[in-house]
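Numbering (the working numbering), first residue to last: 906 to 1101.
Since the hints were made in silico from the structure, they are not lab data. One or more hints might be untrue.
To be verified - In the DMTMM-like style, the derived pairs of lysine to aspartate or glutamate whose C-alpha atoms are separated by at most 20 Å in a straight line are:
#1 LYS928 x ASP966
#2 LYS1008 x GLU1031
#3 LYS1087 x GLU1076
#4 LYS1034 x ASP1007
#5 LYS1087 x GLU1071
#6 LYS1034 x ASP1013
#7 LYS1087 x GLU1073
#8 LYS1034 x GLU1098
#9 LYS1087 x GLU1066
#10 LYS1087 x ASP1045
#11 LYS1047 x GLU1020
#12 LYS1034 x GLU1020
#13 LYS1008 x GLU1098
#14 LYS1047 x GLU1031
#15 LYS1047 x GLU1085
#16 LYS1087 x GLU1067
#17 LYS1047 x ASP1059
#18 LYS928 x GLU954
#19 LYS1087 x ASP1041
#20 LYS1047 x GLU1066
#21 LYS928 x GLU944
#22 LYS1008 x ASP1059
#23 LYS928 x ASP957
#24 LYS1034 x ASP1059
#25 LYS928 x GLU940
#26 LYS1047 x ASP1013
#27 LYS1047 x GLU1071
#28 LYS1008 x GLU1029
#29 LYS1008 x GLU1025
#30 LYS928 x ASP967
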Amino acid sequence: MIVVGVGCGPGMLTVEAIREIGKARRVYGSRRSIELAREYIPPGCEVVEVMDYSRLGELPDDAVVLSTGDPMLTGLGRYGSRVVPGISSMQVAFARLRLPLDKASIVDAHGRPREMAISETIGELERGKIVFIVADPAFDVKGLARRMRQRGLDCTIAVCEELGYESERIEAGTATSPPEAKSRLFSVVVWREAGR
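Given the sequences, and given the hints that come with them, work out the whole structure.
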């Protein structure tokens, strides 16, 4: 199967992704990924909303599986015999915040114990990294800020919501005054300013 990244928001499909989707006879994906690719799905193509990702291995060889963002950023890329990259929420967040990707460290907090993700984030910050957190809707930004204060980390925390959509919102704060997520679709970027 081919796994195709559809970007993290509208208008972020690559030319290669559009080409692969346009040749598809069967397209599978989440409701959001299907909507992001809808205009490029050819007429007569079978479109199936995936509810159980544990069964992706049972899909036919000619299946095109849509992945929001980039399939290799905690996505579905590991299932594909071929992967078409997409524009990830990390790329968009770092571009909006004007932060260098070469200093990035990724923490996957999606479906993991909160304390594990927070501890990993603290460790990466102490190593001087800019941390991109793939958050799930229940990620505790205030809990992260509390742990940062306990460790004496004076950092900027940015909550990046609905990147690429008209409702996109980025709010930055600090460990003493952390931003708050107002959407279920968000990521978090944390970094130390030079000299802090």
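Against the structure, the hints come out as follows:
1. Between LYS928 and ASP966 the CA atoms are separated by roughly 14 Å; this keeps the pair inside 20 Å, and the hint holds.
2. A threshold of 20 Å between alpha carbons decides the hint, and for LYS1008 with GLU1031 the separation of about 13 Å falls inside it, so the pair holds.
3. Between LYS1087 and GLU1076, the direct Cα distance comes to roughly 10 Å. Compliance with the 20 Å bound is thereby established for this hinted pair.
4. Simply put, LYS1034 and ASP1007 have alpha-carbon atoms about 9 Å apart, close enough for the 20 Å limit, and the pair holds.
5. Distance check on the hinted pair: LYS1087 and GLU1071 sit about 15 Å apart at the alpha-carbon level, within 20 Å; holds.
6. Distance hint between LYS1034 and ASP1013 is fulfilled; the C-alpha atoms sit about 15 Å from each other, no more than 20 Å.
7. For the given pair, LYS1087 sits about 11 Å from GLU1073 by alpha-carbon distance, which is consistent with the 20 Å threshold.
8. For a cut-off of 20 Å, the pair hint linking LYS1034 to GLU1098 stands: about 11 Å separates their Cα positions.
9. Straight-line distance between C-alpha atoms of LYS1087 and GLU1066 comes to about 8 Å, which keeps the hinted pair within the 20 Å bound.
10. The straight-line distance between the Cα atoms of LYS1087 and ASP1045 is roughly 12 Å, inside the 20 Å bound, and the hint therefore holds.
11. For the hint linking LYS1047 to GLU1020, the alpha-carbon distance of about 12 Å falls within 20 Å, and the restraint holds.
12. A C-alpha spacing of about 19 Å is found between LYS1034 and GLU1020, which places the hinted pair at or below 20 Å, so the restraint holds.
13. As the CA atoms of LYS1008 and GLU1098 are separated by approximately 12 Å, the hinted pair is consistent with the 20 Å bound.
14. Distance restraint check for LYS1047 and GLU1031: the Cα-Cα separation of roughly 19 Å lies within the 20 Å cut-off, and the hinted pair is therefore satisfied.
15. Proposed proximity of LYS1047 and GLU1085 is supported: the alpha carbons are some 8 Å apart, at most 20 Å.
16. Taking the CA atoms of LYS1087 and GLU1067, the gap is near 10 Å; set against the 20 Å cutoff, the hint holds.
17. Distance hint between LYS1047 and ASP1059 is fulfilled; the C-alpha atoms sit about 14 Å from each other, no more than 20 Å.
18. Distance hint between LYS928 and GLU954 is fulfilled; the C-alpha atoms sit about 18 Å from each other, no more than 20 Å.
19. Proximity of LYS1087 to ASP1041 is assessed by CA-CA distance (about 13 Å); at most 20 Å being required, the pair is judged to hold.
20. Note on LYS1047 and GLU1066: the hinted pairing holds, with a Cα-Cα distance of about 16 Å set against a maximum of 20 Å.
21. Of the supplied pair hints, the one linking LYS928 and GLU944 holds, its CA atoms being roughly 13 Å apart against a limit of 20 Å.
22. Annotation: proposed proximity of LYS1008 to ASP1059 holds, straight-line Cα distance about 18 Å (limit 20 Å).
23. A hinted pair counts as satisfied when its Cα atoms are at most 20 Å apart, and LYS928 with ASP957 does not qualify at roughly 24 Å.
24. For the suggested pair LYS1034 and ASP1059, the alpha carbons sit about 13 Å apart, so the restraint of at most 20 Å is met.
25. Proximity of LYS928 to GLU940 is assessed by CA-CA distance (about 17 Å); at most 20 Å being required, the pair is judged to hold.
26. Note on LYS1047 and ASP1013: the hinted pairing holds, with a Cα-Cα distance of about 17 Å set against a maximum of 20 Å.
27. With a CA separation close to 26 Å, the supplied pair LYS1047 and GLU1071 exceeds the 20 Å bound.
28. With a C-alpha separation of about 10 Å, the suggested pair LYS1008 and GLU1029 falls inside the 20 Å cut-off, and the hint holds.
29. This hinted pair checks out: LYS1008 and GLU1025 have alpha carbons roughly 16 Å apart, not beyond 20 Å.
30. Between LYS928 and ASP967 the CA atoms are separated by roughly 10 Å; this keeps the pair inside 20 Å, and the hint holds.
The structure does not agree with the numbered hints 23 and 27 stated previously, though it agrees with the rest.
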